[in-house]
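Student: The residues making up each chain are set out below.
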Amino acid sequence: MTLEEKKAEVIDDFSMYEEWLDKYEYLIELGKNLEAYPESEKTDDKLIKGCQSRVWLDYKVEDGKLFFRADSDAIITKGIISLLISVYSGRTADEIASDDFGFIENIGLKENLSPTRANGLVSMINTIKAAAEANRKSAAKEDDEVLSADDVKALAPMYENVVLALKQVYDPEIPVNIYDLGLIYELNINKAREVYIKMTFTAPNCPMADEVLNDVKVSVEDVPGVTGVKIDLVFEPVWDRSMLSEEARLELGIDLDDENSEPSEPTEYDGYGLH
Amino acid sequence: MKVEDIRKMFPALDASVYGKPLVYFDNAATAQRMDKVLSLMGDLSAYHNANIHRAVHKLAGDATDAYEKTRDLVKEFLNASSREEIVFTSGTTASINLVAFCFGEAFIREGDEILVSEAEHHSNIVPWQLMCQRKKAVLKPVPVDDDGYLRLDVLENMISSRTKLVAITQISNVLGIINPVKEIVNICHSKGCKVLIDGAQGVVHSGIDVQDVDCDFYAFSGHKLYAATGTGVLYGKKELLEEMPPYMGGGEMIGTVSFKETTFAPLPEKFEAGTQNFNAVPTLGPAMEFARSVASDSEIVSYNEKVRDYLLEALLSDDRIRLFGVPHRTIDKAPVFSFAMKGVHHEDLALILDKMGIAVRSGQMCAEPVMDRFGVTGMLRASIAPYNTLEEAEYFIKSLEKAAAMLA
Ligand SMILES: Cc1ncc(COP(=O)(O)O)c(C=O)c1O
Chain D
1 MTLEEKKAEV IDDFSMYEEW LDKYEYLIEL GKNLEAYPES EKTDDKLIKG CQSRVWLDYK
61 VEDGKLFFRA DSDAIITKGI ISLLISVYSG RTADEIASDD FGFIENIGLK ENLSPTRANG
121 LVSMINTIKA AAEANRKSAA KEDDEVLSAD DVKALAPMYE NVVLALKQVY DPEIPVNIYD
181 LGLIYELNIN KAREVYIKMT FTAPNCPMAD EVLNDVKVSV EDVPGVTGVK IDLVFEPVWD
241 RSMLSEEARL ELGIDLDDEN SEPSEPTEYD GYGLH
Chain S
276 MKVEDIRKMF PALDASVYGK PLVYFDNAAT AQRMDKVLSL MGDLSAYHNA NIHRAVHKLA
336 GDATDAYEKT RDLVKEFLNA SSREEIVFTS GTTASINLVA FCFGEAFIRE GDEILVSEAE
396 HHSNIVPWQL MCQRKKAVLK PVPVDDDGYL RLDVLENMIS SRTKLVAITQ ISNVLGIINP
456 VKEIVNICHS KGCKVLIDGA QGVVHSGIDV QDVDCDFYAF SGHKLYAATG TGVLYGKKEL
516 LEEMPPYMGG GEMIGTVSFK ETTFAPLPEK FEAGTQNFNA VPTLGPAMEF ARSVASDSEI
576 VSYNEKVRDY LLEALLSDDR IRLFGVPHRT IDKAPVFSFA MKGVHHEDLA LILDKMGIAV
636 RSGQMCAEPV MDRFGVTGML RASIAPYNTL EEAEYFIKSL EKAAAMLA
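From first to last, the protein sequence lines stand for chains D and S.
Sequential numbering of the first sequence, starting at 1, is according to this note's numbering.
Sequential numbering of the second sequence, starting at 276, is according to this note's numbering.
Don't read these hints as lab results, they were simulated from the structure.
All values derive from a computational prediction rather than experimental measurement.
Ideal Cβ positions, reconstructed from N, Cα and C, are used throughout, including at glycine.
Warning: the hint list may mix true and false statements.
[As the list claims (entries may be wrong)] Dumping the calculated DMTMM-like pairs for lysine to aspartate or glutamate here, alpha-carbon to alpha-carbon at most 25 Å:
1. D/42 / S/643
2. S/295 / D/18
3. S/311 / S/572
4. S/677 / S/593
5. D/42 / D/62
6. S/677 / D/18
7. D/32 / D/5
8. S/617 / D/41
9. S/630 / D/12
10. D/46 / S/647
11. S/513 / S/340
12. D/60 / D/215
13. S/677 / D/111
14. S/677 / D/19
15. D/191 / D/151
16. S/677 / D/29
17. S/617 / D/39
18. D/129 / D/111
19. S/617 / D/25
20. S/350 / S/527
21. S/617 / D/22
22. S/673 / D/19
23. D/49 / S/643
24. S/677 / D/22
25. S/457 / S/393
26. S/630 / D/73
27. S/630 / D/111
28. D/198 / D/211
29. D/110 / S/629
30. S/630 / D/22
31. D/49 / S/629
32. D/217 / D/58
33. D/32 / D/44
[Unchecked claim] Covered by chain S, per the in silico footprint, the following chain D stretches (three or more residues, Cβ under 8 Å):
34. 21 to 31
35. 74 to 87
[As the list claims (entries may be wrong)] Estimated spans, in silico, between C-beta atoms of each pair:
36. D/208 / S/580: 53 to 59 Å
37. D/17 / S/525: 54 to 60 Å
38. S/385 / D/247: 51 to 57 Å
39. S/538 / D/208: 51 to 57 Å
40. D/17 / S/650: 32 to 38 Å
Turn these sequences into a full structure, and let the hints guide you.
Tutor: The following block contains the structure:
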């Protein structure tokens with residue numbers, strides 16, 4: 001079913017109930033049938049802020065599609081999130097990111113919630129949107145364009161400048177820039193001078209993720225000639241210290257060839273998540 | 276007086292929500308306004324609007340009279356010994372902040388201690404925390420037992436020579452247990468410390484005689500007592516208020532002002548800086564009169580008790596329900612019922628009840644430490660006013676049952 005078809009179906013389902021109590025009954029049913037969410041994943045980084053009841057939301061990306069799972073300690077909230085998941089799970093990042101979530105208004109959900117619950121709903125929607133935004137495929141990557149030798153020559157200096165820009169952004173936990181840390185898995189610039197970056201973090205669930213992604217975007221956009229930036233956040237392959245650049249290793253005092261590969265001054269690096 | 280007569284005085288009670296008659300059970304958050312309160316406020320705003328204490332013209336005179344007459348009425352209502360002891364504020368929170376700041380400035384030294392109960396509203400915790408930070412003093416919580424009663428024995432032992440003030444609620448807005456304030460004041464005074472009573476709920480359900488109880492400070496809000504929002508009272512013993520420095524500086528609170536030296540107005544104006552809420556303060560008059568007439572009318576008192584006892588009984592007899600604040604004697608309980616239902620989230624219940632026309636509160640109710648004390652993230656609260664009927668109470672219990680069935 002396409003996204004539009006699915007939304008139409010939900011609107012249709014909802015319109016079957018005239019009384020709000022019946023609509024709640026329907027949401028409660030949805031909540032009860034929501035796929036179980038592991039207790040171990042009810043961590044603070046998955047908690048959505050702005051809800052009176054607690055809501056956890058997590059997702060994975062498979063074949064370019066986002067799959068969500070979630071839970072809440074309040075059942076109506078759980079029904080609402082179940083509704084969102086049934087509509088948006090299994091869609092591509094582009095589909096979700098470009099959707100206006102207007103169907104929520106069509107079923108009158110937002111207006112009929114208490115203000116605190118309505119805020120919670122907005123927070124849930126924003127979290128889903130943010131996940132999609134972070135996984136959006138770049139236009140740059142999609143057209144498999146062939147660059148001529150001249151194009152490459154023209155783009156080369158820009159490429160260097162983008163790398164310099166990336167080196168301005170520091171990991172929130174390790175005092176090394178994200179480029180030398182090896183967090184950038186792919187860097188492309190197309191003819192239209194749009195930059196595509198595929199990158200990761202040293203650990204999933206980085207609480208600073210949004211800030212770092214934003215820093216990357218702002219920093220790269222500042223490079224003269226760049227017309228757009230698309231960032232894909234991936235956690236595969238998983239980052240490890242073998243991806244550190246030579247400079248970074250020197251800076252951190254890590255010798256990979258050394259069997260023990262302990263940092264020379266271990267106390268300094270405690271808490272950086274390198275072990 | 277019959278409950279029907281009372282209901283006629285409150286226009287909001289006629290309302291319907293989602294096509295169902297409104298059942299307003301969120302009175303502990305704010306009570307509905309009486310028609311007399313609404314018309315007086317409208318009248319004052321429309322026809323007697325002038326800044327008080329400031330001008331010689333007729334309107335200013337009328338407004339000042341209405342405001343100052345209210346001070347006398349509050350003095351009588353609380354049985355204070357003089358009108359200088361009545362300070363108008365914007366509410367309980369403002370009253371407590373005033374004391375926390377000014378009492379703190381006058382009397383608190385590094386290492387001194389303030390005690391509050393575990394069952395306080397945030398308004399009777401945070402002002403003391405701020406003061407303690409400023410003065411390097413220490414704030415300590417006095418525990419309540421599993422039934423929600425304040426541990427007087429622990430309180431007595433916690434008071435030391437460093438303890439300068441005990442701030443306790445008369446009735447917790449969560450637990451509804453009526454604290455024995457006179458006994459508390461006795462204990463505190465025998466150990467040489469002062470007492471502030473948060474009367475936000477107490478003034479509604481118990482009233483107070485500040486001379487009999489002998490508390491040093493008493494705070495309450497108008498809006499919970501059927502008067503206009505933005506009105507409130509601080510009662511303070513004259514000798515203490517006199518030693519305390521002013522809270523805010525501004526118009527009205529001064530004697531003479533010059534750049535060399537400013538002297539302050541005598542009590543109570545010393546604590547009433549700036550333009551006061553003079554269109555609203557006089558609404559305390561009819562509101563207090565109503566509260567007093569309800570309390571002294573045995574017919575309505577016994578009706579209200581019947582509603583309270585019905586709810587208490589219904590909630591206690593349901594073994595899915597855990598009531599917080601379980602009275603040993605029914606007279607210990609104000610009609611404020613906070614509870615949790617097994618396997619059901621308080622917010623879901625509140626949401627469904629809302630669609631049934633019932634307004635109740637869910638969540639932490641500005642009292643996180645109480646939630647922690649009882650190990651819950653929130654509760655559902657039904658709080659009753661004299662205008663609530665037995666039929667409403669029965670409808671509430673039935674609806675609760677229905678909601679629980681939907682959620683089970
Ligand atoms: C016990 C108690 N103390 C203090 C307050 C604060 O009152 P206000 O918000 O009117 O200042 C309330 C009301 O919520 C209360 O119930």
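Student: Look at each hint and say if it fits the structure.
Tutor: Status of each hint after checking the structure:
1. D/42 / S/643: Answer holds: residue 42 of chain D to residue 643 of chain S is near 22 Å, not above 25 Å.
2. S/295 / D/18: Given pair residue 295 of chain S, residue 18 of chain D holds - Cα atoms ~15 Å apart, limit 25 Å.
3. S/311 / S/572: holds, 19 Å
4. S/677 / S/593: holds, 14 Å
5. D/42 / D/62: holds, 22 Å
6. S/677 / D/18: Given that 25 Å is the threshold and the Cα spacing comes to 18 Å, the pair holds.
7. D/32 / D/5: Given pair residue 32 of chain D, residue 5 of chain D holds - Cα atoms ~24 Å apart, limit 25 Å.
8. S/617 / D/41: holds, 24 Å
9. S/630 / D/12: Within the cut-off at roughly 22 Å; holds.
10. D/46 / S/647: holds, 23 Å
11. S/513 / S/340: holds, 22 Å
12. D/60 / D/215: holds, 23 Å
13. S/677 / D/111: Status holds; Cα separation ~24 Å.
14. S/677 / D/19: Answer holds: residue 677 of chain S to residue 19 of chain D is near 15 Å, not above 25 Å.
15. D/191 / D/151: holds, 7 Å
16. S/677 / D/29: Answer holds: residue 677 of chain S to residue 29 of chain D is near 15 Å, not above 25 Å.
17. S/617 / D/39: holds, 20 Å
18. D/129 / D/111: Distance of about 20 Å is within 25 Å: holds.
19. S/617 / D/25: This hinted pair holds, its Cα atoms lying about 19 Å apart.
20. S/350 / S/527: holds, 21 Å
21. S/617 / D/22: holds, 23 Å
22. S/673 / D/19: The given pair, whose Cα atoms are some 19 Å apart, holds under the 25 Å limit.
23. D/49 / S/643: Distance of about 18 Å is within 25 Å: holds.
24. S/677 / D/22: With Cα atoms ~12 Å apart, residue 677 of chain S and residue 22 of chain D stay inside 25 Å; holds.
25. S/457 / S/393: Distance ~19 Å between residue 457 of chain S and residue 393 of chain S Cα, so the pair holds.
26. S/630 / D/73: Roughly 20 Å separates the two Cα atoms, so the pair holds.
27. S/630 / D/111: Measuring from Cα to Cα gives roughly 13 Å; hence the hint holds.
28. D/198 / D/211: holds, 16 Å
29. D/110 / S/629: holds, 15 Å
30. S/630 / D/22: holds, 10 Å
31. D/49 / S/629: Distance of about 24 Å is within 25 Å: holds.
32. D/217 / D/58: holds, 24 Å
33. D/32 / D/44: This hinted pair holds, its Cα atoms lying about 23 Å apart.
34. 21 to 31: Satisfied; 4 residues make the cut.
35. 74 to 87: Holds: 4 residues of the segment 74 to 87 of chain D have a Cβ under 8 Å from chain S.
36. D/208 / S/580: 53 to 59 Å: At 58 Å between Cβs, range holds.
37. D/17 / S/525: 54 to 60 Å: holds, 56 Å
38. S/385 / D/247: 51 to 57 Å: holds, 52 Å
39. S/538 / D/208: 51 to 57 Å: holds, 55 Å
40. D/17 / S/650: 32 to 38 Å: holds, 37 Å
Of the numbered hints stated above, none is contradicted by the structure.
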